[in-house]
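K.L.:
Chains as they are written, first to last, in my numbering: chain A, 55 to 405; chain B, 55 to 405.
There may be inaccurate statements among the hints.
In this list, chains with the same sequence are indistinguishable; a pair is considered to hold if it fits within one copy or across any two.
To be verified - Below, simulated DSBU-like cross-link-like pairs (lysine-lysine); rule was C-alpha separation at most 35 Å, straight line:
{"hint": "1", "residue 1": "Lys-235", "residue 2": "Lys-316"}
{"hint": "2", "residue 1": "Lys-235", "residue 2": "Lys-390"}
{"hint": "3", "residue 1": "Lys-390", "residue 2": "Lys-125"}
{"hint": "4", "residue 1": "Lys-183", "residue 2": "Lys-235"}
{"hint": "5", "residue 1": "Lys-183", "residue 2": "Lys-316"}
{"hint": "6", "residue 1": "Lys-390", "residue 2": "Lys-183"}
Rather than coming from a laboratory, the hints here were simulated on the basis of the structure.
Everything numeric in this text was worked out from a predicted model, so none of it was measured.
There are 2 protein chains.
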Amino acid sequence: MPVESFPEASRLGVVVTLDEGRSDPEASLTDLVRLVADGMERVNATILSRTGSDVAMIPEVANHLIASGGKRLRPILTLACADLCGYGSGDGAVKLAAAVEFMHTATLLHDDVVDESDMRRGRVAARIKWGNEASVLVGDFLLGQAFRMMVEVGSLRALDILSAAATVIAEGEVMQLTAAKNTETSEDEYLAVIRGKTAELFAAACEVGPVLSQRPEAEQAACRAYGMNLGIAFQLIDDVLDYGGTSAALGKNVGDDFREGKITLPIVLALRRGSDEERAFWRRTLEREDLGEGDLEQALAILRRHRALDETIERAHHYGMMAREALAPFPNGPMKSALLQVVDFCIARAH
Amino acid sequence: MPVESFPEASRLGVVVTLDEGRSDPEASLTDLVRLVADGMERVNATILSRTGSDVAMIPEVANHLIASGGKRLRPILTLACADLCGYGSGDGAVKLAAAVEFMHTATLLHDDVVDESDMRRGRVAARIKWGNEASVLVGDFLLGQAFRMMVEVGSLRALDILSAAATVIAEGEVMQLTAAKNTETSEDEYLAVIRGKTAELFAAACEVGPVLSQRPEAEQAACRAYGMNLGIAFQLIDDVLDYGGTSAALGKNVGDDFREGKITLPIVLALRRGSDEERAFWRRTLEREDLGEGDLEQALAILRRHRALDETIERAHHYGMMAREALAPFPNGPMKSALLQVVDFCIARAH
């Protein structure tokens with residue numbers, strides 16, 4: 055995508071496009087973060103106050119995860135899409151943004167129990183520190199608080215979108231359980247999983263923005279399509295990052311998906327193209343979880359041989375392009391420009 | 055309570071009062087079940103259709119628990135309170151009743167993970183058959199579906215009540231985690247736990263009834279108070295039943311709470327009255343979970359010595375009376391009469 059199509063971006067002095075290949079991923083998020091900074095300050099205050107409870111363990115567990123950072127990309131998108139559609143950053147957007155982050159946090163807490171994870175965001179997982187029980191129940195508490203905030207906003211349409219998202223996310227996760235360790239998983243099946251478990255919340259987070267200012271359905275659909283495609287691209291890059299991205303150096307936490315037997319797109323692609331011997335390797339390591347010394351290196355070598363990581367990034371580009379195009383109906387401006395850059399941010403992380 | 059005050063009950067040929075002490079607990083539920091039978095048929099159809107999903111594991115897991123019975127007391131209460139307040143059994147009540155049952159089922163699925171239970175309603179627990187993951191995620195799916203049905207009904211007040219209930223239930227469960235194995239737990243602390251984990255959903259299930267027909271706040275508050283006090287009585291009797299009730303014979307599953315180190319009201323009462331030697335016994339068995347042959351029998355002997363089960367039943371009577379009194383503002387009629395009998399049903403189970 056040529057820089058000329060981003061006059062605002064150049065004017066603001068932030069020119070980061072993926073095609074240059076040397077961009078700093080964080081830089082492409084800078085504009086958006088700055089544009090929603092006031093709203094996010096109120097979102098963060100809301101998050102803090104709504105994790106409060108007389109039951110001391112609840113804020114402890116919730117804040118262990120919430121305070122450990124994360125970019126808060128989903129609530130940022132809610133504020134940005136509300137603003138893009140003329141809502142500004144009124145209370146409704148702030149509460150829905152906080153609700154979206156609570157839904158995300160609840161999912162992470164429940165995921166840790168499902169995946170039996172020991173680490174999350176570089177800290178020991180809540181389930182290790184407080185037990186599976188606390189992770190399940192504090193997740194439930196946060197889901198309840200998310201719905202309470204939506205009810206306070208009073209938009210039945212926003213409630214409809216976010217409650218539907220809650221079921222679709224759970225469906226995606228269950229689908230992933232079923233697909234896990236199954237080396238017969240197809241690319242379509244894998245896409246259905248990540249649409250549910252990741253992209254649906256991105257889509258809902260964006261869609262509720264225009265709903266607040268009662269914008270026409272076409273704008274709601276446009277924001278939803280932006281979020282959905284961005285979410286798919288985001289997850290595909292996450293899958294690539296789990297194998298260390300395209301850099302040669304192996305960082306920390308590389309190979310978590312491999313060790314958990316998770317079938318992600320790079321594996322699906324490598325399986326489709328692989329030899330019988332390679333397929334036997336994947337069946338042993340992923341289906342039977344019979345892992346030994348050197349297996350991760352072997353997996354990476356097979357992925358490289360079939361360009362599986364590169365092609366997963368290409369897929370992410372495709373969805374990124376669709377996310378960009380979804381915003382076409384909106385007039386140019388700093389917010390639209392910043393939302394377009396987020397697509398670059400999501401993809402550039404892989405390099 | 056004298057039989058004369060239930061003219062409808064006598065007319066219908068069902069005279070069951072606790073004071074007679076020889077009642078069949080199920081009989082006191084018969085009237086209510088018959089009065090809401092048409093609505094419950096639609097609730098059951100709704101439950102069946104809303105557990106549907108393209109992801110086959112979801113209806114499998116959900117129906118394993120839902121089809122295993124349970125009296126569906128909570129959705130019955132929603133229909134009954136809606137009818138009591140003149141709503142009849144319109145679609146709104148049916149959907150809210152199904153939503154209430156889904157919230158309850160989600161709680162049971164998550165509880166099994168929390169308690170590491172092997173059995174539920176006489177069947178192997180879902181977590182044993184499909185794993186903790188499936189229990190957590192299908193619970194999340196059902197919670198999402200519950201909220202979708204509430205949104206379809208479109209009452210923000212009902213949404214407010216039920217989403218607040220979702221957080222209070224989770225708070226109650228976390229409180230129980232904190233209190234678990236703590237022999238210093240006071241009666242007040244224990245009551246706070248069961249208000250949250252059990253009584254709140256009874257209260258919300260009843261309160262949304264009058265909300266549907268936009269009845270005055272006083273009637274909403276009356277139905278809520280009925281449900282809350284009924285729920286407390288119900289849980290206290292459950293606690294007694296876990297020690298085999300007041301019958302001498304020891305049935306199946308007696309002592310589950312004891313083996314899990316759960317501090318319930320009979321234990322709280324026995325601890326307060328016990329000797330140092332007895333307190334040492336409870337600390338060993340409940341706090342340190344150091345259990346041996348004959349310990350359950352010993353526990354029962356101590357509970358009997360201090361009349362702890364009988365006094366827990368007396369407490370249940372107290373809350374049952376408050377539940378009955380809460381319905382005073384409503385004119386007499388078959389539905390009110392049936393709701394009064396439910397109080398007897400909940401308490402008579404202990405005999």
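K.L.:
Give a verdict on every hint.
P.N.:
These are the hints, each one checked on the structure:
For the homomeric pair Lys-235 and Lys-316, the shortest alpha-carbon distance inside one copy (6 Å) is at most 35 Å, but the shortest distance between copies (37 Å) is not. Taking identical chains as interchangeable, the C-alpha atoms of Lys-235 and Lys-390 are never at most 35 Å apart, the minima being 40 Å within one chain and 55 Å between chains. Proximity of Lys-390 and Lys-125 under a CA criterion of 35 Å is satisfied intra-copy only: 19 Å inside one chain copy versus 54 Å between copies. Within a single copy, Lys-183 and Lys-235 get their C-alpha atoms as close as 28 Å, and across copies as close as 18 Å, so both meet the 35 Å cut-off.
For the identical chains of this complex, Lys-183 and Lys-316 are neighbours both inside a copy (24 Å) and across copies (21 Å), given an alpha-carbon limit of 35 Å. Taking the shortest Cα distances, Lys-390 and Lys-183 never come within 35 Å of each other, neither inside one copy (42 Å) nor across copies (49 Å).
When held up to the earlier numbered hints, the structure conflicts with 2 and 6 and fits the remainder.
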